[in-house]
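**Q** Protein sequence lines, in the order shown, are assigned to chains D and B.
First residue of the first sequence: 1, per UniProt numbering; consecutive thereafter.
First residue of the second sequence: 1, per UniProt numbering; consecutive thereafter.
Since the hints were made in silico from the structure, they are not lab data.
Any given hint could turn out to be false.
Derived SDA-like pairs: lysine to any residue, alpha-carbon spacing no greater than 20 Å straight-line [said to hold, decoys possible]:
(1) D:LYS25 - B:MET101
(2) D:LYS35 - B:SER165
(3) B:LYS107 - D:MET30
(4) D:LYS35 - B:LEU135
Predicted, not measured: the structure shown is a model, and the values here were computed from it.
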Amino acid sequence: FFHGFYAEEKLVGSLASMSTSERIKAIQKMPETMKKKREIRNKVLKEITKKSRHRSTQLSCCTQCLQGTVVSFRRFGNSLSERFHLLHLWHKTLKIIGAEFGTSVLSYFIFLKWLLTFNIFSFLINFSFITIPQFVAAEPNNLSFTGLELLTGAGYFQQTVLYYGFYTNATICKIENGLSYNMQLAYIFTVGIYFVICFLILLFSMAKSFCRNFITPQTYSGNASKLLCTWDFNINNEKAVKLKQKNLSTQIKEDLTEVNREVLNFSVTERVVRIVIHLVSWVASLGTAVAACAGVYFLSINNLKLFVKGHKNDLESQAAMLVLPIVASLLNAFIPFFYSWLGHLERFQTPGHQIYVTITRNIILKISIVGILCYYWLNIVAASESQCWETLVGQDIYRLVLVDFIFCLLGSFFGEFLQRIIGTTVCVSLGLPEFDIGRNVLDLIYAQTLTWIGIFFSPLLPGIQMISFSIVFYVKKVSLMMNCQPPRKVWRTAQMTTSFMFLLFFPSFLGVLSVIGVTVWRIKPSEECGPFRGLSSVYAAVSEWIKILENYTASKWVVWIYHNLITSELFFFILSILVLIFTYLYWQIIEGRKTMTKLLHKQIIN
Amino acid sequence: MGNKQTIFTPEQLDAYQDCTFFTRKEILRLFYRYRDLAPQLVPLDYTDKPDVTLPYELIGSMPELKDNPFRQRIAEVFSENGDGNMTLDDFLDMFSVLSEMAPRDLKAYYAFKIYDFNNDDYICKSDLEKTVNKLTRNELTPEEVSLVCEKVIYEADVDNDGKLSLEDFQHMIIRAPDFL
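If we strip away everything but chain D, and leave its shape as in the complex, we get (with noise of 0.2 Å):
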């Protein structure tokens, strides 16, 4: 009893040392019942206090004044944070999904809503950086309205600012003598400046969430780790609990019958075919990627001549340019579901390998159409005799992410609602659907893909995704609730996260910058249209300015940063081996603990 009492006055004496939000998250976090925690609360509180009256001849009034001011501020802010959360989007939504489906289902929403967040963002300051500068030197817009503009965003959309090709290459004074706004400098800035705050933020995500799921994953990934720590207490719908536990005996069930299975060896003529076959499906998909893309690229050239033959806004012609993104998205649709049966045909050891060999040819195809597509943008279309090329490239990439939101609700309907009906009327065996979550998440990042690409050539498209983004959202759960049941295998949720972070950053945003690097530093801009009209590239605009400011000497250290560590070689250089340097300390650092927890382990058993 004793020994308790000591521990409890040394508890109190350490917390009366924190400071106020310390305290109160070390109390929040202890491991008791409330009245104990309420009675440590109340002694902790009466030593502060006689601390402070032992103090207060000490203190002036003006300390005094200074703690009342800071317990206000608190009181202040936690009201505020309590405000704030009516901010957080959906919460209520997402909290149902997860209790009927579980967590795994609510991932996909989660990131879904993730990337709304890059939209929302990439919108506000686009429109107010860029786009509002341009209203108060807006031109005339003479072209008339038709309703068709909305699909095909040619037309009336061609000179308004949803296009590169409207904002103007001027300095823009509405006052005279007042403060000026360089047109070119902004939209290369804020585009530039979007690109890295988004880079910098996909980074830390993806590290902290590799950190936290993929640190030794594999000592414990049998069957402790699967009884005790999948459950999910999520879930609160009766048939998905009924659910879940028959999922779990099942595999318990399949696992330990596999346990029974491990030493069938298959002899050597089976593995040769199999591996045959492997290969034969690899190439089979290989192929049809291939003649995806050559089809999308005699497609997209037979388009440039219509747009270059000249404007004729008749229907015809109009529906000739949707032509290539329904193509686009109709191969996007159905090429999956031929390597989803490619994988069937293949006997895969396990179904998790099948899964992700599925999802990996689905990646290889849609990463070759959208590179097939900006090969032929920036080659092809750049160099075309067209007015304005940029507007042009704005104008499909629109295109195709308005067929793509479409084709994603018409795959909603298609695939989950009349699935449902057959599997319910026509043929019971098949049950109702599952949510198919890899599929949905690729068409999310192939989607966020083009919307970042077309960010440089048509600045508001962030705004339009936005839109479509939150229609997917209640559609998709609409969807979700009426027609789908709880998936049955156990999806890993947490590894996948953190491997569709890396999909979108890895190929999806690495790849965008890279288009995006392209564009401003080779390609030529078109003469008559854009901020960036008779540069020779969009970066000259960059280093013209640079060559006006070395005539101020008060912005001479703006240029000796510029001459000596963003354009010199050798700073990247020193930069690269230090980080090199430190990547390979880290990494011995953690070898060496590696070793530590091998030995402590033996001596723990021992």
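With chain D fixed as given, assemble chain B onto it according to the hints.
**A** Using the frame of chain D, we list chain B on its own:
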């Protein structure tokens, strides 16, 4: 919202805010949920700290817990004398730990207590067998259950004493990213 509520004194609310992960609004909302379970038993005025306990049957009928296979253990772990009947303090405590704002090691500590059916501070084989049966709705045969429990102990037992202590359990939880 302001200071218009008369259920708690400001000091009581401050104490609740400091001891749980909830804000004032959430604490009041939880109080109303607690009261809705038995309006005739729970007074609207808690300033004199009345001693009101709700029986386990009412707690177990809440929609959040109704279908959870471990609801009885959860109520027993958080109640004062281990019988499942909860006061308002225990109720707030339970939801605070189960909320998404609670850190993982706190949840791991309570999860350990929930899985420890015989309350001896160790998860032994019989505790694990009861856990497996609750998780799989008695669908496995006793031999399968026994095999699974042996494997779990083999994998997670660090100090090799045949049962899982709190440290073994926490060690495993830290490595398992899917723990909720």
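**Q** Confirm or reject each hint.
**A** A quick look at each hint next to the structure:
1. D:LYS25 - B:MET101: Holds, because 11 Å separates the two Cα atoms, which is no more than 20 Å.
2. D:LYS35 - B:SER165: 26 Å, violated
3. B:LYS107 - D:MET30: 11 Å, holds
4. D:LYS35 - B:LEU135: Outside the cut-off at roughly 32 Å; violated.
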